[in-house]
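For the protein sequence lines, the chains are G and F, in the order given.
Quick note on the working numbering: the first sequence kicks off at 43 and runs consecutively.
Quick note on the working numbering: the second sequence kicks off at 812 and runs consecutively.
In short, the hints are calculated from the structure, not lab data.
All figures in this text were calculated on a predicted structure; none of them were measured in a lab.
We treat Cβ as the ideally placed atom computed from N, Cα and C, and that holds for glycine.
You may find that some hints are simply not true.
Said to hold, decoys possible - Under the rule of at most 27 Å between Cα atoms (straight-line distance), these lysine-lysine pairs were calculated in the DSS-like manner:
id, chain 1, residue 1, chain 2, residue 2
1, G, Lys142, F, Lys1140
2, G, Lys51, F, Lys929
3, F, Lys961, G, Lys51
To be verified - Just so you have them, the derived chain F footprint on chain G, three or more residues with Cβ under 8 Å:
id, stretch
4, 121 to 128
5, 162 to 174
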Amino acid sequence: MLSTESLKKIDREIAKYPAGQQQSAVMSALRIAQDEKGWLAPETIEFVAEYLGMAPIAAHEVATFYNMYNLQPVGKYKITVCTNLPCTLMGAESAVEHLKRKLGIGFGETTPDGKFTLKEGECFGSCGDGPVALVNNVRLCAKLTPDEADRILAGLE
Amino acid sequence: MANEVIFHSIHLPESWKLENYLKVGGYDALKKVLAEKMAPDAIIEQVKASVLRGRGGAGFPTGLKWSFMPKNYSGDKYLVCNSDEGEPGTFKDRDIIRLNPHQLIEGMIIGGYTLGAKAGYNYIHGEIWECYERFEAALDEARAAGLLGKNILGSGWDFDIHAHHGYGAYVCGEETALLESIEGKKGQPRFKPPFPASFGLYGKPTTINNTETLASIPYIVKHGGQKFLELGIPNNGGTKIFSVSGHVNNPGNFEIGMGTPFSELLKMAGGVKNGRKLKAVIPGGSSVPVVPGEIMMDLTMDYDSIAKAGSYLGAGSVIVMDDTVCMVKALERLSYFYFEESCGQCTPCREGTGWLYRVIHRIEHGLGKPEDLDLLESVAGNIMGRTICALGDAAAMPVQGMLKHYRNEFEYHIQHKKCMV
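So here's chain G without its partners, still in its complex pose (with noise of 0.2 Å):
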C-alpha cells in the first residue's frame, strides 16, 4: 500500500514518541502517504490507521480535521494562496485574480490538464513577505504580484 521508502519514514517518526504512542505519528504518517500517492484515499487513510494500530475512523478524524491534506486528488502542482487580511492588505486580491484568469480556474477547481489546483489558504504565519502562497504544501512563495505569479508558473513544468 506505502512504499517501503515511505513506511521507513513513518518508522522514523513514531520512534519520537514514548512506547505505545505511536498514534502521536499519525499527522506525518498521513502527510508520507499523501506525498507519494498524492491524495488521500480512504483506503490510504486506513492503511496508515491499521500501521499506527489505531481505529480507522480516527485517522479519518484527523485527516478531515486538518486543511493541508488532500481528500481529493489535485494537480501536479496544488497552490494555495492566502486571502487573510494581512495578505489583502499588501495585494492578495490582485495575486488571486491573475491567477484565476491565467489558469482559468476558481478557488477548489484543477486544470483540465490536471497541472493546477488553486486553493485559498489560511493564515501561513508569514504575512510580512505578503501576500505569500504555498506549492504543494511546502514551497512558500513570497511577495505574490502577477508578475510573481508568472514567473512561479513558468518555473513549474
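Given chain G, work out where chain F should sit, using these hints.
Same frame as chain G, now just chain F:
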C-alpha cells in the same frame, strides 16, 4: 537597543548553523547551568525576576507558569514549545526558527532541566515547512555535538527534543488543542481544569511555552533576570519581537525593548506605504480589537499601554491600515478566518462565527439591513466567554472593536450599499 536577545546574530551568514551559534556564545547558558549544577528553583527565580511574560499572546508570567509544575512527581513530565503560529499578522516564530534555531533549542533544554522534563516537543505550524526541516537539522547538529540526547555535556542527564508539525489548523495554537494534536487526534481544545501542569501531554504534567518565550531563556540565564527586565519597562520585561505587516514600506520583524513608542516602530517599518495617512492598527494579531491610528500614535508597545487603549498586545503582531481601507471589507476577511477555523466543538463559536461572517458578508455586498449591526453585537456578545477556548472570543473581539470605532462606516455601507472610503 534593537536585536539584543534573540536576533543578535541573524545578520551573520548562516546564523542558523551550530558552529556559528557557538561563535557568538551559544550554549554558554546551558554549559553554565550544567557546570554549576544550578538548582531549578534558582533558575525559576531568575525567570521571575526577568518579568518575562508569555510571548504567544496571553502574556502570562513565565516564571510563575514554570513554578506550577509538580516538583516531586515520579513519572514523566514534558515541555512543549508552541510554534504553531497562524494568527493573521503573526510571523515572528518563523524567523526565530529559520534564523536562530539553536537559541530556541538551548532555551528548551534549560527549560527541560528546570522542569524535570523527560522530553520536549516543538509543534511547528504546518505551512512553514522549511522551518520544520531546518529545526530538525539543528536538532541533529545538537545531538551530534553532545548538547542534546543522552548524557548531555557529560552531565549524566538525558533530555531529547523532537519536532512535530501541524497541518493546517489555527486552533492548534491553543495549548490543549496542540496537546491533542501531538497525541494524534483532531485538535479540539480540552476543558480546563485540569490544567496541563497536572494533566498535559499523554496525561502527564506538561508546560507549554511559546517559541519566543523559550528562546529568551538563554539570555536570562546568562545575564540574569534583572538585565533582561531592564531591556523593557517595569511589569513588561525585556525585548519583544514585533511583526509589522500591511500598509508599511518595510514589513518585517523588529526586536525592540518593551515600551518603545509605536511611532518609532512604525518608522522602523518604513512608515505608512506611499506616504498615505495611517487609519488604524490592529496591534496584537487579528483577534484583538482595532485601534484608530491617532490613538495608536500616542501609545507605547507594551501590555499595559495597549490594554489602556482597549486592545491587547497579543503576540506583538501589528497590522497597519492606511486611509484607503474599508473597515467592512477588512472585518469580512477577519470574520471569514474565524468561521473557517472554528473547530466546531462549542455551539456558540461554531454557529456564531458563521453568523458573524454571513452578516458582515451581506453588508459588504450591499445586502445589509439596518438591524444587522445590533445583530452583530448580539452574536459577538453571546460568543464571548461562552466557549471552551479563546477562539470564540478571538472571533468576537474584532467585531466589537470595529463597531466601537467605525460604526459609521458600517451604517454607510448598509445605507448606500457601497464603501465610505
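Here's how the hints hold up against the structure:
{"no.": "1", "hint": "Lys142/G / Lys1140/F", "in the structure": "holds, 21 Å"}
{"no.": "2", "hint": "Lys51/G / Lys929/F", "in the structure": "holds, 24 Å"}
{"no.": "3", "hint": "Lys961/F / Lys51/G", "in the structure": "holds, 23 Å"}
{"no.": "4", "hint": "121 to 128", "in the structure": "holds (count 4)"}
{"no.": "5", "hint": "162 to 174", "in the structure": "holds (count 10)"}
Going down the numbered hints, you'll see the structure goes against none, and every one checks out.
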